[in-house]
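> Modelling step: build the complete structure from the supplied sequences, incorporating the hints.
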Amino acid sequence: MSDSPLSLIVATEEQLLPGGWEMIVGLEVHVELATATKLFSGSPNRFGDEPNINIDPVTLGLPGALPVLNKHAVELAMRIGLALNCRIQRCIFHRKNYFYPDQPKAYQISQYDLPLNADGFLALPSGAVIGVERAHMEEDTGKSTHIGGATGRIHGSDYSLMDFNRAGVPLVEIVSRPDIRTSEQAREYVSELRAILEVIGASDAKMEEGSMRCDANVSVHKPGTPFGTRCEIKNVNSIRAIGRAIDYEARRQIDIIDSGGVIRQETRHWDDAEGRTHTLRTKEDADDYRYFPEPDLVTVDPSQEWIEAVRAALPPLPAARRAMLQELTGYDPQSEAIIVAVERGQHEYVKAIADAGGDPVKALIYVTQAFAEAGASPAVPAADIAALTILERDNKLSATQAKTVLAEIVANGGGDAAAIAAAKGFEAMDTSAVEAMVDEAIAADPDAWAKYCAGEEKAAGAIVGRIMKASKGKADGKVVSAIMQSRRGA
Amino acid sequence: MATIPTTASQIAAAVASGSITAREVLEAHLARIDERESEIHAFNLVTADVARAQADAIDADIAAGRPVGPLAGVPIALKDNMCTHGIETTCSSKILEGWKPPYDATVVTRLRAAGAVMVGKTNLDEFAMGSSTENSAFGATRNPLDTSRVPGGSSGGSAAAVAAGFSPVSLGSDTGGSIRQPAALCGVVGVKPTYGRVSRYGLVAYASSLDQIGPFATTVADAALMTEVISGHDVMDSTSIPQPAPSLVDAASQGVAGMRIGRVVDLPGGAEPEVSARLDAAFEALAAAGATIVDITLPSLGYALTAYYLIAPAEASSNLARFDGVRYGLRVNAADTNAMYGATRAAGFGDEVKRRIMLGTYALSAGYYDAYYGKALKVRRLIAQDFDKAYESVDTILMPTSPLVAFKFGEKADDPMSMYLCDIYTIPTNLAGHPAMSVPFGTGAHGLPVGIQVLAPALGEAAMFRVGGALELAAGGAQ
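Line by line, the protein sequences give chains U and L.
First residue of the first sequence? That's 0 in numbering that gives the first Met the number 0, and the numbers climb one at a time after it.
First residue of the second sequence? That's 0 in numbering that gives the first Met the number 0, and the numbers climb one at a time after it.
Keep in mind that the hints were calculated from the coordinates and are not lab data.
Accuracy of the hints is not assured; some may be wrong.
Claimed, not checked - Derived, one-sided and incomplete: chain L residues facing chain U with beta-carbon distance under 10 angstroms:
#	residue
1	P101
2	V263
3	V264
4	L266
Claimed, not checked - Here are some chain U residues the structure puts well away from chain L; computed CB gaps all over 10 angstroms:
#	residue
5	K104
6	A105
7	S109
8	G147
9	M161
10	R289
11	D295
12	A312
13	Q325
14	A406
15	K423
All figures in this text were calculated on a predicted structure; none of them were measured in a lab.
Beta carbons are placed, not taken as given, at the ideal position from N, Cα and C, and that holds for glycine.
Right, dumping it as structure tokens:
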């Protein structure tokens, strides 16, 4: 949609492609809003129902039916705009006219030159800041299933089945500026966007169910020269596919230019199985959508009070959640544990464990490792986990023992860590007993000990293995390691 | 059997009082339809069975002492572009032939609640595009006053139904004059309310920013009553004005003493001399009744027709795109989907509809939008500004409804431009979104009726009905 390919961002040396090429990428992400009803009618907005039950005269575009804007959809769209630092503005709807069997009115009600949200940005965890040109409201189409024919597309099929359940589902199209310079950034952008959408409750953002869909505009050029001709890549339906499709497309364009060819402006289809893009349509046979203001709807002019109320109700965004965990644990906000915990929404749980007196680092590790399936709010009382982190921190339990106890607490939905440890006979060995075991092990394998003392760290494994075997796993690895180091140093 | 009263308000009063039954009223009207409908062809469909059931239900309510609405037992005809649940709604187009909507238009719901009895769906120029009802795919309607002449259009069937006594009132839709012009040609009262006064939900769209539903009646008071019943906010129409229905019936008999009536000194020419003479007579009558006549100018009026024939077709090209053979209506099968669209629309639409779809598609196309549609929108704003300025010094404006009295069949059918000129005086109010009405005021050439048009600012229906009532009185009509 953007006719302004302006971007002032220049790739770093490391971001350039072989041959000194720079890729220029902008993303258009469509998200279905998590409303109860459709954008312009009272039919349910629900995925996975039997075909053609969530319909009504407006959805089907019956003669005489008129659209009425869903206020909750506007509010969710405003949340997206605010989360992406956009200006919320007075806006109108336009009609985008084109014939397609799953487009019931033969036009889509969308926004054109006056979108609800304009001129924002998204800061990526890696530090890049990607401009957001607009985030506008529009209605989804129905879903076509083409039967017969080789490609699954309408061309060459015997007949097509139409399901209008999706027609009229509210969408927000988030259009980035062409500020993305690597496929890794593109993946990061979509992944961060998805995290934001989930956190603010605007969309369930499930790419696999189509509630979040991505198109990529890709071009290549040499820095310091004008931007190249771009191609729009459609059907990029997973975060992995985004990276692959962009890399493929950039390479395809570079190959054409290197061999003296010219890039045609066109829309291309990503075939994930083949790992390549195909021409869908060229600029010459692109539709003229004949946009004009939708006369059946009135101007939407959100009041300052409304905007501020929506802003005030926004929960902390993923970046703020990562910062909170960083402060709590001292970990890098880009560390896997923090990213995973925030993605799953488990940051509050980690904090609750710390607040209950638990060790924050161990809390983060336990939660990300043991509650992969549990979602944002595991059922286990935070205090139970907190107690376990303290037992391990104070060396009352070895890491291996703590893991076993944690598994039991999780399985039972809670429990007293100390009691479970006692029942399993996990009494921490006192240090003098461990020291005796270390000495026994050194005596049993003097060669390994000599190597270890000579600085061969790997040789420690044989000694530790003996101790663990002898103690049946009760010896704390860290205690063993500390004793060995002190013996070596002595 | 008791004598059947002629006006809607008299019928409703008689039915409510029990002096006559709704069924008796209905049968008298059905008898008239039987007698003359084959000659007039006002209807695409006469819904006698539905009407009898509705009339009997009203009579049962009255017998049981239950309250009835202000149109209890009043037969009404509906232009066939308003959706009626389970009853064919065709827009006089082959592309919708046989289509039965699964829902009622809001006006239909309101009429039913008011106790009206639906006698049928009336003929129109296909999709309301025309000024003679000759563009109907199901044959033209004849003017009951002279069956060699057109009834006007596009709501020709609804105008003819009232003029022929098939129903005392009817509903039409007015996009560029489609209620007022046929009212003038058939010698009845026709009203286009303020844009947004009456819900468009269930009105099959021609040009959404201009379309407005309104009544035909034999008296100004009946037209006021009908406007009251169908007006009022509707959540199903986003362009509906969030105001309750106005009280208008009393305005029709309030007189015009002290009112300021505008005479447009730079009115575009083209009216027949007899029509101009009737306009002069109308000013004299209003002055005699105590109004002050004030000269005003509307400099942009001359551009209205051109702007209209860009805006209306542009919206129509989009509104009518949904008739694609996929979900309802006609489908002509072909080798692939695109060929099916083409074959369906080629067979389903008449020439005038195709002409306007092409005009509108062109006007909206990339590279032409600013020169055509964009410029037309600017003219539209200028016209609204002209009116705003004029209404600083006047309460209402008077002009002819139609430059001509009813013309003969075929006289203009092959010359779209001369047909379009029929709307030269009616189009400006649609562009401004204002109310206007046509009131019969004597006769012109060939002894055919002339309609005088009363224009008022947005939501100025009460002033409009005051002037309409005074004209009716001066013409020797009902009071």
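> Determine which of the earlier numbered hints do not hold for this structure and return their numbers in increasing order.
When the structure is compared with the hints, numbers 2, 3, 4, 5, 6, 9, 10 and 11 turn out to be violated.
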